[in-house]
Amino acid sequence: MFTGYHYDNIPAIEKLEWGMKAILALEDGTVVEGEGWGAEGTALGELVFATSFTGYEEALTDPSYKGQILMLTYPLIGNYGVSGAKFQSEGIKVEGFVVREKCDYPSHYKSKRSIEQFLKEENVPAICEIDTRMLTIKTRRYGTMKACLRVGGTEEKEKVLELAITQPDISELDLIEQVTCKKPYRIKGKEGGKRIAVIDLGVKRNILNNLAKRDLDIFVFPANAEESEIRNSEPDALLLSNGPGDPKRGKNAMRVVKNFAGEIPIFGICLGLQIIALALGCDTYKLKFGHRGANQPVKDLKSGRVYITSQNHGFAVDKDSMDGVVELTQINANDNTVEGFENSYLGIKCVQYHPEASPGPWDTEKMFFDELVNYTRSGSLQRQ
Amino acid sequence: MPKAEDIKKVLVIGSGPIQIGQAAEFDFSGSQACRALREEGVEVVLVNSNPATIMTDFEMADVIYIEPLVADVVAKIVEKERPDGILAGLGGQTALNMTAELAEHDVLSKYDVKVLGTPLEAIYNAEDRERFKQTMERINEPIPGGVAVNSAGEAEKVVAELGLPLIIRPSYTLGGTGGGIARTMEELREIVSYGLQVSRIHQVLEEESVLGWKEIEYEVMRDAKDTCITICNMENLDAMGIHTGESIVVTPSQTLSDEDHQMLRSAAIKIIRALKVEGGCNIQFALKEGTYRVIEVNPRVSRSSALASKATGYPIARVAAKIAISLHLDEIRNDVTKETPASFEPAIDYVVVKIPRWPFDKFPTADRTLTTSMKSTGEVMAIGRTFEEALQKALRSLDIDKDFGTGYERWSEAELKHLLETPTDDRIFAIYEALKKGISVEEIAELSNVDQFFIKKIEKIMRLEARLNENLGGNLRKAKRMGFTDERVASLTGRTREEISDLRRKEGIIPTYKMVDTCAAEFEAKTPYFYSSYEEECELKPSARKKVLIIGAGPIRIGQGIEFDYCTVHAVKALKEEGIEAHIINNNPETVSTDYDTSDKLFFEPLTLEDVMNVIEKEKYDGVMVQFGGQTSVNLAVPLKKELERLGAKTVILGTDPENIDIAEDRERFSKFILHLGIPQADSGYATSVEVAKEVASRIGFPVLVRPSYVLGGRAMEIVHDEEELVRYMHEAVRVSKDKPVLIDKFLEKATEIDVDAVCDGEDVLIGAIMEHIEEAGIHSGDSACVIPPQSLSKDIIVAIREYVKRIALGLQIKGLLNIQMAVKDDVVYVLEVNPRSSRTIPYVAKATGIPLAKLAAKVMLGYKLSDLSVKEGELDHVAVKEVVLPFSKLKGVDTILGPEMKSTGEVMGIDYEFDKAFFKSELAADNPLPLDIGSTVFVSVCEEDKEAIVEVARKLKETGLSIVGTEGTAEYLKQRGIAAKKLKKLHEGSPNVIEMMHSQEIKLVINTPTDKQSYKDGYQIRRACIDLGIPYITTMQAAKAAASAILKMKESGGEIEVKSINEYFG
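So the protein sequences, as listed, match chains A and B. So for the first sequence, this note's numbering puts the first residue at 1; every next one is plus one. So for the second sequence, this note's numbering puts the first residue at 385; every next one is plus one.
FYI, nobody ran anything at the bench for these hints, they're computed from the structure. Wrong hints could be hidden among the right ones.
[Stated by the list, open to error] Straight-line C-alpha distance at most 25 Å; calculated DSS-like pairs for lysine-lysine:
no.	chain 1	residue 1	chain 2	residue 2
1	B	LYS1124	B	LYS1026
2	B	LYS654	A	LYS213
3	A	LYS110	B	LYS672
4	B	LYS392	B	LYS660
5	A	LYS86	A	LYS120
6	B	LYS672	B	LYS654
7	B	LYS722	A	LYS288
8	B	LYS1435	B	LYS1425
9	B	LYS1435	B	LYS1366
10	A	LYS138	B	LYS910
11	B	LYS660	A	LYS366
12	A	LYS110	B	LYS844
13	B	LYS862	A	LYS21
14	A	LYS110	B	LYS517
15	A	LYS258	A	LYS194
16	B	LYS1190	B	LYS1179
17	A	LYS302	B	LYS660
18	B	LYS840	A	LYS120
19	B	LYS392	B	LYS517
20	B	LYS910	B	LYS890
21	B	LYS654	A	LYS86
22	B	LYS1124	B	LYS1190
23	B	LYS844	A	LYS288
24	B	LYS494	B	LYS517
25	B	LYS1401	B	LYS1331
26	B	LYS1026	A	LYS112
27	B	LYS890	B	LYS1034
28	B	LYS786	B	LYS840
29	B	LYS910	B	LYS931
30	B	LYS1002	A	LYS138
31	B	LYS609	A	LYS366
32	B	LYS672	A	LYS86
33	B	LYS1276	B	LYS1401
34	A	LYS138	B	LYS722
35	B	LYS672	A	LYS112
36	B	LYS844	A	LYS120
Please read these numbers as outputs of a predicted model, since none were measured by experiment.
With these hints in hand, go ahead and build the complete structure from the sequences.
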C-alpha cells in the first residue's frame, strides 16, 4: 500500500488567512491590492510574466530574472513545494513574486518546505489573490512595465506608485555584476579533457551541469574577467552564459568575444547570444514584453523541424543587422525573431533559448550541448 | 511541404453508435476532420452508421453513407468511391480496427488506397501488446512487466512469475472492455476467459500491478517532419487501477514538479517518434516518486484528446487531419490566435476538472465499483481559476442532484473507509464526508490513493462552509471564488437563494468571464470561448447585435444523448443563417456544440439556473432557447422565466411559453388537457401513498405502468401486473411523498407504439415523421427499434395520428418542436406522452426524410411561419430503420431484457428501399448480425404467450436453411406444428445444453423472450451468455418476426448488401 508523502514543516491547516495586505503598482498607473506573502517589504523592477505551469523553483533562482518582478500566469503556484535540488543559483534572484494563488500545503515526496517559507527565508516579498490574467493582458498591450510591489504599509499607495514610475529603466542598470561569480573557479572534468571557459553573466546551474555531464573541464570566470586571465586557463572553447538586463551593458564580455573570435569556438546562450551579436557589430533591441515560458516554438531553418523550447529574454538581436555578419539558423515560429545564428568562419554558434531548460522542455539539450562538445573537440564548427 | 497533391478524395470512417467507451467525442473529432480536409480542397466521403451525428449532415461531407461499419460493407464503398486515401485515426477504435481489417483483406492494396496519417505499422506497434512491449524495450522506455497470452492455461502459468494481483487487458478493444484486476486465481480465470472472448485477436496481456501509482496522461502530436509537441498533460485524481475514462481528471497536472513533468513529456515525445505516429496520440503513464511506467498508447485521437482540445482550445482533430494530408505543424495556423502557427504548446492559466457521468441511476443492480473497464456514458468538464471552483462547477454540471453538503451523514466511519478504499461514483463525496467526520487527510490519502493535495483542497471547501455561517459578509467573495453556488451558501446560512443572489449583486460580487485562448494571454486571441470566475477583469465584450443563448444538454447519459447536441448545433446554424448572434452554454467536452467555432460565443459552464442567469445578465440576450438541450434545458424553462421576471430582465424565452411546457410536463394538468381535446388516453391516476395506489390500480385495472413524476428516460418506470407487485414497487422502488407522487397509467398490452416529431408555429404544424416502433408499447421508446415510414398502420390510423398531433400542437400553442408518443390498440390511437422539446429521434428523422426539424424549429422560434420556410412533408420511396445499441456488455450482472426504463446508449440507422433490407442493415450496424449461412443454428425459447407467434418465425427461418434448437417447451410446440427443432436440456440437466453450444460457437442467433419467474434464472443466464460471448440475440417477439422476415428477404436477393449514399437516396 502506498504510504503517502512525507511532509516537513507544513503550516497548520487553521492558517487559512494571512493578515498582511500587499499592493502592486505599475508605471501606467494601475494599482492592485491583494494578500501579501513571503517577506514584508518593497520590491522594485520590471513586471514580467512567464507562462509555464511548473518550474517555479528553477525560475525564482534563475539569475536572468535579476531586476525583475516575476508573475506566473498559471494560477496555482507552490503545489509541489520546494526541494532545493533544482536551484539555478544559490538563492532567489527575482525581486518580487506575483501569483494568483499560493499553495500552503504542498504535496511532493521531494518537498522540503513550502514556497512561502522559501520566500521568507530569502527575504523576497510576494503578492497573491489578484487577477494575474488581467495584469498579463495589460503587459501584452502596454509592453513590459516598471513596477513596485509592497507587502505591508499598503496605505501609501501614491508613494508606491511613484516608486514604480521613478525607478530607473532596466537598461540603465548593471545587473550582470550583481549575479556573476566574484572569483573564477574550476569544475574539473576528466583528466586531459577539453577545456571550456564560461563567462558567467548569471549562469544557470544546469548549463554547468550539462557541460560537466559531457566531461568538459570547466573554468568559470566573472563577467569582468580580463582576456589574459581567461587565456591562462588555455581554453579550447568559450561559452557566454545567460544573464539579466540589457546586453549592451555587457561591455567587458563583448571585448572578450572580440579577443577570441576566430581563435577558438565561441558559444552563447540567451544574453550570451546577444552580447556575441553586439561584439560582431550587430544590434539588439528590447522586445515589447519578451518571451518567457516553456512553450516557445523554434524553427530550425536547415531541417525545417520545430522544437519546443524554454525561453526567458526581454531583448533580441535585430535580424536586419545580421546580414553578412552571421548566418541565421533558427527563428521563433511565433514572431520570426532570431533564435540562433552561426558563423562557421569564426567558429561561433549561439542560441537565444535555453537548451539547458530548468524549467522547461528538454527537447534541444542534446542537440546543443552535444554539438558544443563536438565543435570544442574539433576546434571549429565541424564535427570531429 | 505543401499538402499531398495526389490525395484528392478521402474516405473518413466514423465511430458508429454511441456506446460506453466511445461517445460523442468522435462526432466532434470527425466533424472537425471533415471541415479541415474540405478547407484544403479535398473531397470527403464519409461513412458512419450513427444518424445522430453532426458529421453525417449533408453539408459536412461531399458524399455520406449511413451504412453498417463492417468490413464487407465498407469495402463496397471503397470499390464504389475509389478514394485516394483513408483517414483512420479520427473515428476511435472502430475506425482503426476497420482500417486494419480492410488492409488485412487486401482491400486497400487492391484499390490503391493510402492510409493517411499514422501508418498501420504504428497502429500495430501501439495496439498489439507484444509488439508494443518490444517497441518500448527497443527505446528503453519502462513498461510494467507483463506477458501476452492466448489461452487460460498460459494465463495461469504467468502467476508464478509475476504474482498477484495482475492487471488483465485484452488486445484491440475499446474502453478497456473485458479488462480487470485479478486478485485471486478465481478472478484471474474469470477475467481472462472473458477478455479472450472480446479481444479481436483473442489475446490478453497480464501485467505487473502499478495500483496506487499516479496516473498521468500526455496528448502528443507529430508531423511527417518529426516536429513533436505536447498539447497538455492530465493528472488523474484517481490513482492507477481505475480507467482514465472513469477517473476524475485535472488539467494541467497539479502535483508534478518541472522535473517530473519534463521526464514524462520527454518520454512521450520519444515514444511518438519511435512509433512514427503522424497526427495525434495519447500516452498514459504510471508515476511514483520519480519512477514511471508507460501504460498505454492510443495512436489516434481519443476521448482524452477531445478533453485536451476543450481544455486548451487547441483543435487536435483538425490539426491531425491536416497532418494526415502531409501538412506540417508550422504550416498550419493556430485557429485561435489566427497569427501564430500550430507548432507550439498551449499554455493554460486556469484549472480544468473532468468528471465522468455514470449510468448507475438507471441500473440499480449494476456493480458500481470503478475498475479498468469503462462504465460511464459521458462526462462533464469545468474550468475555474482555482481547483475548488473547477471541482464544484464540475460536480453541479453532472446534473445528478448530488453535491458537497448534506445527505452523506448516514455513512458510518466504517462505511466511509470502505468507500474510500473501494472506488465508486460516490468516492468524491466520501472524501468530503470523511473530512467532516474528522478522518485525517493522511488516512484518507492512504485509503484512497488520492494525493493529499486534492484532499486538502476539499478540506478547504469544507472549512469555508463552517465560516460562512459565522461571517457571511466577510466570506461571500471567497466562497464564490471557491465555486459555491448561491443556493449552497443560502442553505448554509439559513437564507434564500434570492437573498444571497441579491446580496452578491449589491456587494458587486459578480462573475467575470475569462477567455480560453491557448496561450495564457500571451497573444491576442480571436476565439470567443469563455468560462466564469470571480476575478477583477471581465473579458467579455457584448456586442450590440441581436443575440440568442442556446442552452445545451450537458453530459451524455442514457435517455439524453448526442441527439440533443445535434439539435443544439442545428439551432446555432439556423440563427447564423438569420444573422443573429448564437451563443451556447454547455459543459460536455465531447461534443460538437462545445467546439470553439460552432457558435459565436461559447460559455463552458454548468447548466444551473444561477450559471445560466449570470451569462444572461452579462450579455443581455434578446432571447433564450430551452427546447434543444433535452430535459436538462427544458427543466430550466419555468425557473428561468420566473427569475427573468424577478430581475426585470428584457430577455425572453423563445418558442413555446414555459407555462404551456408545464402543462405537458405535469401529468395531472396534461391528463386534463388531453381529455379536453377529446383524444383517447390510457386511464390514469396518481398516488401519494400505498393505499391510494391500490385504489387507483383497482379502478383502472392491472396491468399498470407506474413511475415517479418528472423523470428522464423512464427512470424507475415499471409495468406492474398485480397488487403484490404494486406494493413492492411503492415500498422499494420509490420513496413517495406529497411533492413527488407516483403516476399510475393503464398499461396497453400488445399495442403498437408510435413516435411523432413535429414543428409548430402556433398556426401550422409540420410533421417530420411518424415512426412505428418494432417493439410493442411497454418497451421504452428510446430502446425500441423503429421505422420510417410506418409499415403496418392503416390510412385511417395515420389520419387520426396526424389530426391528434395537430390538435395537441395548436392546443399547447407550441412554437418550435414537439414529440408525441402514442399507442395504437384495436384501431384506437391513444396519446401517451407529449414532450414540448427536441426529442432523441430528431436527427434520425432528419437523416431519414431530409427535413431539418431542429433548424426549422429554431427559425419558428424566431418568429418565422412554417409557410415562409418552404419545407414540405413528402412521401419517401426508401425505408429507414433505427436500431438501438445497449450497454450490457460493459455492465456485468445486468439483465438484458427491455422494459419501460430506458437502457440504450446509442443508435444506428439502416436505410434501403425495403423494410426487410433496412432492418437487416440496422441489426448488422448494431453489431447484432442476423445469420445467413446455411446450417447456422438458431436457439429459440419463448414464453407461453409468444408460442403461437413463434411458429411463423421458425417456419421462415427453416425456409432460409437455418436449423433450430430450443428448450423443451418451445421445441416440442414447434414439432407438433411440423417444424423440426432439436430439444436441448435445461442448464441444470447436463449436456448438451444451450450454454455449452453457445460456448462452442455453434449458435449464431438467440431468440429468447422473457418468461415466468420459474425459468427466469435460465433465461437470464442465456441472455447474459449472449452478451458475454458476443452472440446476436433478440428478446421480443416483434423483433423476432422482423428478423425472420429480413433473413428470408436477404436470402432471396442473394445475400448481398447494397451500399448507397444518402445523397443518392435524396438525389
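Here is what the structure says about each hint:
With a CA separation close to 22 Å, the supplied pair LYS1124/B and LYS1026/B stays within the 25 Å bound. Between LYS654/B and LYS213/A the alpha-carbon distance is near 21 Å, which keeps this suggested pair within the 25 Å criterion. Restraint check: the Cα-Cα separation between LYS110/A and LYS672/B comes to about 12 Å, which is no more than 25 Å; the hinted pair holds. Between LYS392/B and LYS660/B, the direct Cα distance comes to roughly 24 Å. Compliance with the 25 Å bound is thereby established for this hinted pair.
Between LYS86/A and LYS120/A the CA atoms are separated by roughly 18 Å; this keeps the pair inside 25 Å, and the hint holds. For the proposed pair LYS672/B and LYS654/B, the alpha carbon gap of about 20 Å is at most 25 Å, so the pair holds. At roughly 20 Å between alpha-carbon atoms, LYS722/B and LYS288/A fall within 25 Å of each other, so this suggested pair holds. Taking the CA atoms of LYS1435/B and LYS1425/B, the gap is near 16 Å; set against the 25 Å cutoff, the hint holds.
Among the hinted pairs, LYS1435/B with LYS1366/B is consistent with the structure: their alpha-carbon atoms are about 23 Å apart, no more than 25 Å. Restraint check for LYS138/A and LYS910/B: the C-alpha separation of about 17 Å stays at or below 25 Å, so the hint holds. Restraint check for LYS660/B and LYS366/A: the C-alpha separation of about 20 Å stays at or below 25 Å, so the hint holds. Note on LYS110/A and LYS844/B: the hinted pairing holds, with a Cα-Cα distance of about 24 Å set against a maximum of 25 Å.
Restraint check for LYS862/B and LYS21/A: the C-alpha separation of about 16 Å stays at or below 25 Å, so the hint holds. The hinted pair formed by LYS110/A and LYS517/B fails the criterion: a straight-line CA distance of about 31 Å is larger than 25 Å. The straight-line distance between the Cα atoms of LYS258/A and LYS194/A is roughly 22 Å, inside the 25 Å bound, and the hint therefore holds. A threshold of 25 Å between alpha carbons decides the hint, and for LYS1190/B with LYS1179/B the separation of about 17 Å falls inside it, so the pair holds.
With a CA separation close to 21 Å, the supplied pair LYS302/A and LYS660/B stays within the 25 Å bound. The hinted pair formed by LYS840/B and LYS120/A meets the criterion: a straight-line CA distance of about 23 Å does not exceed 25 Å. Pair hint LYS392/B plus LYS517/B does not hold up; C-alpha atoms about 37 Å apart against a cutoff of 25 Å. Annotation: proposed proximity of LYS910/B to LYS890/B is violated, straight-line Cα distance about 33 Å (limit 25 Å).
A hinted pair counts as satisfied when its Cα atoms are at most 25 Å apart, and LYS654/B with LYS86/A qualifies at roughly 24 Å. Taken as a hint, the LYS1124/B and LYS1190/B pair is broken in the structure, with Cα atoms around 31 Å apart against an allowance of 25 Å. With a CA separation close to 40 Å, the supplied pair LYS844/B and LYS288/A exceeds the 25 Å bound. Proposed proximity of LYS494/B and LYS517/B is contradicted: the alpha carbons are some 32 Å apart, above 25 Å.
Distance restraint check for LYS1401/B and LYS1331/B: the Cα-Cα separation of roughly 19 Å lies within the 25 Å cut-off, and the hinted pair is therefore satisfied. For the hint pairing LYS1026/B with LYS112/A, the CA-to-CA distance comes to about 55 Å; that exceeds 25 Å, so the pair is violated. Between LYS890/B and LYS1034/B the CA atoms are separated by roughly 20 Å; this keeps the pair inside 25 Å, and the hint holds. Proposed proximity of LYS786/B and LYS840/B is supported: the alpha carbons are some 21 Å apart, at most 25 Å.
At most 25 Å may separate the alpha-carbon atoms for a hinted pair to count; LYS910/B and LYS931/B meet this at roughly 19 Å. With a C-alpha separation of about 22 Å, the suggested pair LYS1002/B and LYS138/A falls inside the 25 Å cut-off, and the hint holds. Between LYS609/B and LYS366/A, the direct Cα distance comes to roughly 19 Å. Compliance with the 25 Å bound is thereby established for this hinted pair. Between the alpha carbons of LYS672/B and LYS86/A the distance comes to roughly 19 Å, so the proposed pair stays at or under 25 Å and holds.
For the suggested pair LYS1276/B and LYS1401/B, the alpha carbons sit about 16 Å apart, so the restraint of at most 25 Å is met. Proposed proximity of LYS138/A and LYS722/B is supported: the alpha carbons are some 20 Å apart, at most 25 Å. About 18 Å separates the Cα atoms of LYS672/B and LYS112/A, which keeps this hinted pair within 25 Å; it holds. A C-alpha spacing of about 24 Å is found between LYS844/B and LYS120/A, which places the hinted pair at or below 25 Å, so the restraint holds.
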